[in-house]
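Trainee: Sequence:
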Amino acid sequence: MNHAPQLYTRYQQLLEQSKVMLNNARKGMWEDLIASEMDYVNAVHELTQFMNDIKLSMQMQEQLRPILRNILDNESEIKRLLQIRMDELAILVGQSSIQQSVLTAYGKQGGQILAPQDNQETTP
Numbered sequence: 001m002n003h004a005p006q007l008y009t010r011y012q013q014l015l016e017q018s019k020v021m022l023n024n025a026r027k028g029m030w031e032d033l034i035a036s037e038m039d040y041v042n043a044v045h046e047l048t049q050f051m052n053d054i055k056l057s058m059q060m061q062e063q064l065r066p067i068l069r070n071i072l073d074n075e076s077e078i079k080r081l082l083q084i085r086m087d088e089l090a091i092l093v094g095q096s097s098i099q100q101s102v103l104t105a106y107g108k109q110g111g112q113i114l115a116p117q118d119n120q121e122t123t124p
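According to full-length UniProt numbering, the stretch in the sequence shown is residues 1 to 124, in order.
None of these hints come from the bench; they were simulated from the model.
Only a predicted model underlies this, so the values are computations on that prediction, with no experimental measurement involved.
All C-beta atoms, glycine included, are put in the ideal place defined by N, C-alpha and C.
Nothing false has been slipped in among the hints.
Derived lysine-lysine pairs resembling DSBU-like cross-links, with alpha carbons at most 35 Å apart:
no., residue 1, residue 2
1, K55, K19
2, K79, K27
3, K19, K79
4, K55, K79
Across the chosen pairs, the derived CB separations fall in these ranges:
no., residue 1, residue 2, range
5, I91, T48, 32 to 42 Å
6, A35, Q12, 19 to 29 Å
7, V41, S101, 35 to 45 Å
8, Q95, D73, 27 to 37 Å
9, Q13, S96, 33 to 43 Å
Construct the complete structure from the given sequences, taking the supplied hints into account.
Mentor: Right, here's the structure in full:
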């Protein structure tokens with residue numbers, strides 16, 4: 001049985017899903033990226049199951065090669081954008097930790113107001 005058309009279609013669908021993920025990452029739509037990633041992982045799993053009993057011809061491998069290259073390129077770009085986002089979040093967490101430390105330090109002052117004292121001597 002010739003599975004080539006169905007296999008090609010599945011790879012094209014996977015490419016389209018990777019494009020959706022990349023678009024979500026570029027727009028900073030992180031929740032949508034996570035949701036689309038779940039669909040992508042499921043599609044990869046289904047494709048893997050489908051290919052278990054298929055032997056690809058050289059011609060089919062050559063037809064799939066550009067699609068696979070695009071999928072891998074999209075994944076690399078998504079990973080790069082995610083790393084940038086993780087770095088941004090790490091900075092925010094670090095700033096939050098510093099703020100918390102400052103608040104804790106001032107909280108230990110027990111409500112004392114720390115201000116410079118006026119040491120001017122008054123002359124009668």
